[in-house]
Amino acid sequence: MNGEVTLPLIVDDRGALQVGAADVSKLLRTVGARWLRLVETGEQGLDEDTVAALTIELAKLADRIDVACIAHSSGAP
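For the sequence shown, our numbering assigns the number 1 to the initial residue and increments by one for each residue that follows.
Worth flagging that the hints you see were computed from the coordinates, not collected in a lab.
Hints are all accurate, no fakes.
The following label-pair restraints were derived from C-beta to C-beta distances:
| no. | residue 1 | residue 2 | range |
| --- | --- | --- | --- |
| 1 | Asp13 | Gly75 | 24 to 34 angstroms |
| 2 | Val39 | Val19 | 23 to 33 angstroms |
| 3 | Ser74 | Lys26 | 18 to 28 angstroms |
| 4 | Ile70 | Leu46 | 31 to 41 angstroms |
| 5 | Ser74 | Glu40 | 35 to 45 angstroms |
| 6 | Cys69 | Val31 | 13 to 23 angstroms |
| 7 | His72 | Thr50 | 26 to 36 angstroms |
Using N, Cα and C, we set each Cβ at its ideal position, and we do this for glycine too.
Turn these sequences into a full structure, and let the hints steer you where they fit.
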């Protein structure tokens with residue numbers, strides 16, 4: 001993975017953000033957690049290693065979003 005991700009977020013006609021970064025990172029973590037629960041309950045057709053790897057990547061992306069938001073709100077370059 002190259003480490004660069006661009007997320008097109010939804011803005012209204014005045015440029016106001018309609019989907020907050022906290023909501024996006026929460027969604028990413030929720031999707032990963034749901035996938036893990038499906039594997040734990042024996043859902044057919046899901047490869048445990050693949051689900052684990054994807055869940056880790058979603059969590060990393062959520063972490064990067066959170067860190068970028070913290071840096072932005074603290075005025076860090």
